[in-house]
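Asker: Residue strings, one per chain:
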Amino acid sequence: NAGVTQTPKFRVLKTGQSMTLLCAQDMNHEYMYWYRQDPGMGLRLIHYSVGEGTTAKGEVPDGYNVSRLKKQNFLLGLESAAPSQTSVYFCASSPTSIWWEAYNEQFFGPGTRLTVL
Amino acid sequence: LAKTTQPISMDSYEGQEVNITCSHNNIATNDYITWYQQFPSQGPRFIIQGYKTKVTNEVASLFIPADRKSSTLSLPRVSLSDTAVYYCLVGDGNAGGTSYGKLTFGQGTILTVHP
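In order, the protein sequence lines correspond to chains G and X.
Number 27 in this note's numbering belongs to position 27 of the first sequence; there are no gaps in the numbering.
Number 1043 in this note's numbering belongs to position 43 of the second sequence; there are no gaps in the numbering.
No lab work stands behind these hints, which were simulated from the structure alone.
Beta carbons are placed, not taken as given, at the ideal position from N, Cα and C, and that holds for glycine.
Check each hint, because a few of them may be wrong.
Unchecked claim - Here are the simulated DMTMM-like cross-link-like pairs (lysine to aspartate or glutamate), alpha carbons at most 20 Å apart as the crow flies:
(1) X:K1052 / X:D1067
(2) X:K1054 / G:E105
(3) X:K1003 / G:E59
(4) X:K1052 / G:E105
(5) X:K1003 / G:E105
Claimed, not checked - Some chain X residues well away from chain G (every beta-carbon gap over 12 Å; in silico):
(6) D1067
(7) V1085
(8) P1115
Work out the full structure: start from the sequences and follow the hints.
Answerer: Shown next as structure tokens:
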């Protein structure tokens, strides 16, 4: 199993350009997440999905859109990139669980380093 | 989402036991406590999780007192490869809960292991 993969690994954009980051998982997980991590800081949740066809806003959703057309894929879009969106983006996935069982574990991808000039 | 507080950094030496304490005073009944490890240029990696008392796996132990307002991650006999950032998180383990699956990562604890 490849686990969680992210495409691309690196990208440089100019202000105003658009792009889509692709996350794929082969573990049949229901939940998927997009985070951003800025230097010296923890991860902040952008958007997440609890299943195919559903998405929800996280802590910092402004400037981003997402889609979950297939269970295994979660796309993060930047419609008009801004320098403030320069960051490392991590995708994660997790299986469902019920609360009296172990809380679920999130599996992270390797990250995409995005620079917006 | 419950806020967590943990030391910004810690130093240790190879072979020592390291204990990292995290406070989470506003932890909710449905919240589980989870610890992640992150190496530079990599995504976080799950270490251990628990609800109460003590949990142990092959890499760490997690101690949670009865009031659950804090927790301690214990790493036995650390090595240089344990140098990383360690995050303490609390999250709703109830699949029907509105905050289920939403984790809040703080700044974490930078652990540096010296030879």
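Asker: So, for every hint listed, does it hold in this structure?
Answerer: How the hints compare with the structure:
Annotation: proposed proximity of K1052 (chain X) to D1067 (chain X) holds, straight-line Cα distance about 9 Å (limit 20 Å). Among the hinted pairs, K1054 (chain X) with E105 (chain G) is consistent with the structure: their alpha-carbon atoms are about 18 Å apart, no more than 20 Å. Using a Cα cut-off of 20 Å, the hinted pair K1003 (chain X) and E59 (chain G) holds, with the two alpha carbons roughly 14 Å apart. Between K1052 (chain X) and E105 (chain G), the direct Cα distance comes to roughly 17 Å. Compliance with the 20 Å bound is thereby established for this hinted pair.
A hinted pair counts as satisfied when its Cα atoms are at most 20 Å apart, and K1003 (chain X) with E105 (chain G) qualifies at roughly 19 Å. Every C-beta of chain G lies more than 12 Å from that of D1067 (chain X), the closest at about 19 Å, which supports listing it as non-interface. Separation of V1085 (chain X) from chain G is inadequate, the least Cβ-Cβ distance of about 8 Å not exceeding the 12 Å criterion. Look at P1115 (chain X): its CB is around 25 Å from the nearest CB on chain G, clear of 12 Å, so calling it non-interface holds up.
Comparing the model with each numbered hint stated earlier shows that hint 7 is the single one that does not hold.
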